[in-house]
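Asks: Chains A and B, in that order, give the protein sequences. Under the working numbering, the first residue of the first sequence is numbered 227, with each subsequent residue one higher. Under the working numbering, the first residue of the second sequence is numbered 227, with each subsequent residue one higher.
Careful, some of the hints might be misleading.
Treat identical chains as interchangeable: a pair holds within one or across any two.
What the hints assert, rightly or not - Derived DSS-like pairs (lysine-lysine); straight-line CA-CA distance at most 30 Å: (1) Lys-297 to Lys-280; (2) Lys-297 to Lys-619; (3) Lys-300 to Lys-280; (4) Lys-676 to Lys-345; (5) Lys-300 to Lys-320; (6) Lys-320 to Lys-345; (7) Lys-345 to Lys-418; (8) Lys-300 to Lys-345; (9) Lys-297 to Lys-421.
If you are wondering where the hints come from, they were derived from the structure by calculation, not from laboratory data.
Protein chains: 2
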Amino acid sequence: MIDPRVASGLRDLPPAVMIPRERMLAAFRRVFAGFGFVPIETPHIERMEVLTGKGAGSDEVLRQIFEVTNKGGKPGELALRFDLTVPLARFVAKHIDELGTPFKRYAIGSVFRGERPAKGRFREFVQCDFDTIGTTSAVADAETAQVIHAALVAAGVPEFTITLNHRKILDGFLASQGLGALSGQVLRALDKLSKIGREAVLGELERAIDVGGPGLTADQARQVLAFVETGRGGAEVLESARATLGSNPAAAEGLAALQTVLDLLDAAGVPRTRLAIDLGLARGLDYYTGIVLETTVQGWEKFGSVASGGRYDDLASLFTTRRLPGVGASIGLDRLLALMDEAGWLGSSAATAPVLVAQFPGTDPAIPVRLAARLRAAGIGAEVFPDPIPLGKQLGYGSSRGHRLAVIVGPDEQANQVFNLRNLTTRQEDKGLAWSVLEDSVQSALEASKHQGAGL
Amino acid sequence: MIDPRVASGLRDLPPAVMIPRERMLAAFRRVFAGFGFVPIETPHIERMEVLTGKGAGSDEVLRQIFEVTNKGGKPGELALRFDLTVPLARFVAKHIDELGTPFKRYAIGSVFRGERPAKGRFREFVQCDFDTIGTTSAVADAETAQVIHAALVAAGVPEFTITLNHRKILDGFLASQGLGALSGQVLRALDKLSKIGREAVLGELERAIDVGGPGLTADQARQVLAFVETGRGGAEVLESARATLGSNPAAAEGLAALQTVLDLLDAAGVPRTRLAIDLGLARGLDYYTGIVLETTVQGWEKFGSVASGGRYDDLASLFTTRRLPGVGASIGLDRLLALMDEAGWLGSSAATAPVLVAQFPGTDPAIPVRLAARLRAAGIGAEVFPDPIPLGKQLGYGSSRGHRLAVIVGPDEQANQVFNLRNLTTRQEDKGLAWSVLEDSVQSALEASKHQGAGL
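Build out the structure end to end from the sequences listed, making use of the hints.
Replies: See the structure below:
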């Protein structure tokens, strides 16, 4: 016997996890498509050189790479992708002439990282990315927030906040303080604010060292932190920042761009209550150059951002001399599912068909098969229990998986061409309904059972 | 610069391929769910021992395995899955106590085989499998054909044939001819009939050698072939076989089981015209023990079977002593898409949103953003062109991708709060429509454009 366990850091997804996951992915696909994003797929296996090119992944990610070899292949040539961004860059570099711009793509797929296994950390996980390539338009910037908003609403998240910033505002502020050369170190320190707290960030800021001169003084570190801490709120934050920073050209450009995005989001009907400005929001990745955004769920901030992204100047410089600016974001499917599960926002049903058609011992199996086929033809999912075991066990199967109704035809019902309709939640049973009214009765009962709050 | 090519035998799927593919997968998921199949997902990476256990894969498949290693991992421990059946067996062995039976699962995912690259052969491809585990019910057998039928109808395949057989009929016939010991070799030879022709199959049959005695004589080989060639047709084939083979217990059992399946398919409303019997249908895999089935598309038989499967006695004997019979099938997504593409049955559009909202140079970008948001709120996909480039170029973008309508607001329209609605197929344009009737006008125009046969 071989042990049926999965390899370390990997996992099986059973139906109870997959059903809400598929529902969420279907919602995301509808949202992406509604904005004109088109799907692409790239192989899980890429050439090693594509994945390890300069700047493709951080040193940490490259250490975690899974190499792939087969008989007849040379070692070191192939590997599993660790994100969907490097494959997108390669894809766009290869195909952009046929595709043209703007190119709006979404991609949903597994990525692989050989991280040390830990609770909630897996070596294979799914990313959901969408990007608009080949434009510097503010419409595309605003749309990135619109898509996140629509996707979270479609997923059933009640309240959440999309936090926006523009890289040039912070850059401009640092330049105005004579700290431009240190911006990378400052951004990385600020990025940790919610994780390690203000005192630790102050310490990191003071340890920042300019290669060509001194680092931040304690006073400068406090000023940076003060700028960030007063730079959080609604649109009024932009106004006060214009008053203090408006004379710096980079900051002024960033503030104006962010204001345009807010105005477009108003036009798009995204409620201001779901938007926030945070002038300290940095997002670790060095390649963002314009707006950056992240998303937290109200009351569940401890889960971190569930959807993040930003604008970049040049997507595919590793693969082409053609300059391809773009903007996009990634929705953390598994993180969002874990959050919604903990919050109790996911249905608990592990059934995909709402109706179980029982196979009564001693009756003709053609009857449940025929009735179920009629329900499906009317658009109602119906599962036939395959074996004529005692009815109680069949109903137990339905209750435990989350079927909502059972259709039952015993020998008497068969003789009279009627059926019994049992609500598996309330255990109420309507008896002796005529076969001719099957579809209507089941439809009405399903609508009624929705109001009882049975899992959808 | 790094060359942006994919590795040998792998491929990128651009939007023109992915859009019909996603549509087909969504249809399959709806069909699977409508019968009560639930989704599961297993990792792409399995432990090597799971994949290479005795009987898990054929020698050929095992030679093609992709090994996976990461820093700190030992070589030879991990590999990419080559099908979804071995992972299903492992999954079921591990989880069956929580899951209970019957367990009806579907799985859609990439599998990997290091085959020699050739036209139409890829080292990564998608399988769509569904199986019912833990029952020997004829209802589940019939349902396998029902699901294939519903899936192909949902995919838009006009006419196709699901061919059925039962392993015990052929076994019984061979036993009645004193050829029982040779059945494996005979089945493998018969499986090649459509590929290599009858003369070559006769030759293979004559070369079949019984380990404990002689092989087939030329006469026996001809008799086997005659049985197979007269055993094709509708339900009448079962009747004549009962007359000649009914005294053989195995054959009688197989014939009765197949008759039951046909009766249940009648009850389910699957048209007899889409079903065929072929008593020579063997399906190469040794582990089928009951019904076997395959599916060809009328007029496109050269593509081979697009959906195949059968019943097996014991799914997970590698991993558990628990005996788990089941029945299931696999739909060849990529083969079916290639066939439908060649037949011209796929829409040609590479757009996911039917409406393009142009951004007229010199107008407020908030207007297209607002109008598009209104369309989406009404359930109509709408893509805003991100940049105010000359209108002709924007309309060219829409026409080339397959958007059906364009909504245009120039400076005059902005002043009068009206818009122009252009049909991108006919180039007809309705001018000066009021913003207040946006949703209704677009909805009507979309319905009208459907009848023009514009790509969906």
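Asks: For every hint, state whether the structure bears it out.
Replies: Verification of the supplied hints:
no., hint, in the structure
1, Lys-297 to Lys-280, "both (29 Å within a copy, 20 Å between copies)"
2, Lys-297 to Lys-619, "neither (50 Å within a copy, 50 Å between copies)"
3, Lys-300 to Lys-280, "both (22 Å within a copy, 27 Å between copies)"
4, Lys-676 to Lys-345, "neither (35 Å within a copy, 51 Å between copies)"
5, Lys-300 to Lys-320, "within (24 Å within a copy, 35 Å between copies)"
6, Lys-320 to Lys-345, "between (38 Å within a copy, 20 Å between copies)"
7, Lys-345 to Lys-418, "within (21 Å within a copy, 50 Å between copies)"
8, Lys-300 to Lys-345, "between (35 Å within a copy, 23 Å between copies)"
9, Lys-297 to Lys-421, "between (46 Å within a copy, 28 Å between copies)"
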